[in-house]
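Asker: If you follow the hints, you should be able to join the two separate chains into one complex; please do so.
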Amino acid sequence: DVKVTQSSRYLVKRTGEKVFLECVQDMDHENMFWYRQDPGLGLRLIYFSYDVKMKEKGDIPEGYSVSREKKERFSLILESASTNQTSMYLCASRPGSQGSTEAFFGQGTRLTVV
Amino acid sequence: AQTVTQSQPEMSVQEAETVTLSCTYDTSESDYYLFWYKQPPSRQMILVIRQEAYKQQNATENRFSVNFQKAAKSFSLKISDSQLGDAAMYFCAYRSVWGGSNYKLTFGKGTLLTVNP
Chain A
18 DVKVTQSSRY
28 LVKRTGEKVF
38 LECVQDMDHE
48 NMFWYRQDPG
58 LGLRLIYFSY
68 DVKMKEKGDI
78 PEGYSVSREK
88 KERFSLILES
98 ASTNQTSMYL
108 CASRPGSQGS
118 TEAFFGQGTR
128 LTVV
Chain B
69 AQTVTQSQPE
79 MSVQEAETVT
89 LSCTYDTSES
99 DYYLFWYKQP
109 PSRQMILVIR
119 QEAYKQQNAT
129 ENRFSVNFQK
139 AAKSFSLKIS
149 DSQLGDAAMY
159 FCAYRSVWGG
169 SNYKLTFGKG
179 TLLTVNP
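Chains as they are written, first to last, in our numbering: chain A, 18 to 131; chain B, 69 to 185.
Okay, chain B solo, but in the shape it has when bound (with noise of 0.2 Å):
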């Protein structure tokens, strides 16, 4: 079964700064997704970004990018020009191509990122 770390329970960076977000994962599959999700206070979940696994390149969404290093099984989210409204609980999650648990999102256990003014 695939699992996904978030070592870092919390983090903060000032406005402005940039910040990165953690995520480990263990998989022995080749192929798979990776996605950050993002949790604000109103407790709506919504995708900041997404990568494929087969993908070399990093994915990109503004100021969200993430560290994709497949051998080492990482993927972590860096978030430039940090503002107020990026304070959330962000989770990293990993999803299967093929097979049953292609359905299913694994969920790491979240980091709670707080942007001070």
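So that you can see chain A by itself, here it is in the shape it has in the complex (with noise of 0.2 Å):
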């Protein structure tokens, strides 16, 4: 079975502090993303990768940074988080091939700013 596994299913953070979330994925995909979930607002893409190193913005990029030096993980990066931050956070994968595969989550990180 595909797995994908993000490093916290809980996080509480203080205003102004640089938070990390990692994201792992043991089934080889090229391709890794990170997504926003908010109720009445349903998945907002922030950032994806189609190869190590390579980095392309989603819809709300805003306020958010990406890392991916190893094919397998696919790290979020809040630079200075903000109250407006406090979310869900799924990250998901998928094989860089054509076709309907479908993508892969993670069981989310519910990240509390305050």
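Derived from the structure by calculation, the hints contain no laboratory data.
Check each hint, because a few of them may be wrong.
[Said to hold, decoys possible] The calculated lysine-lysine pairs, modelled on BS3-like cross-linking and capped at a C-alpha distance of 27 Å, are:
# : chain 1 : residue 1 : chain 2 : residue 2
1 : B       : Lys177    : A       : Lys72
2 : B       : Lys177    : A       : Lys20
3 : B       : Lys146    : B       : Lys123
4 : A       : Lys74     : A       : Lys30
5 : A       : Lys20     : A       : Lys88
6 : A       : Lys35     : A       : Lys74
7 : A       : Lys88     : A       : Lys74
8 : B       : Lys177    : A       : Lys74
9 : B       : Lys141    : B       : Lys177
Answerer: Structure below.
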């Protein structure tokens, strides 16, 4: 089974802190994604990566950066956490090949910024 | 840019009954993929069913089936013989086949399904 693992299920951080959310997948997938999930807004794409050291902005990249130094790991970085970044963060991965293969998701990290 | 609309924020169904969740999308592309994902209280997103736009036949997975109307840009999910374990948030999602946007899924806002015993 594909496994996407997010390092924390719950995090509480203070305003202004630098926050790292880590995601690891074990299926050698080329594509990895970070989504933000908010009630009534669904899932919105923050950043994605289609290869090591490659990244593309999604729909809401402001206030975030990412790092992909190894194929299996994709990190989301909040440079200076703010209360409006309190949310659920979901990581996903998918093979790079064409086709209808679905994305596989981690269990999410619920981040609270106080 | 593509958009996905789920017009029902919440739905409820009696156990063993049938329920249909609605999804419409907007795209200028002729080839694409559509998905329904389920997110139970555990938060784990699970694929329920997928549809390739070039296929006219509606996808079916056990109790789950879709009604794909390409001209109307509609992609509804039917759950038959509803079970308590079907209670979850359901998301409709779109993915392009070609180009840079091939990489990402575009999601609707979700429909929260309650199953009553």
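Asker: Run the structure past the numbered hints and jot down the numbers of the failing ones, going up.
Answerer: none
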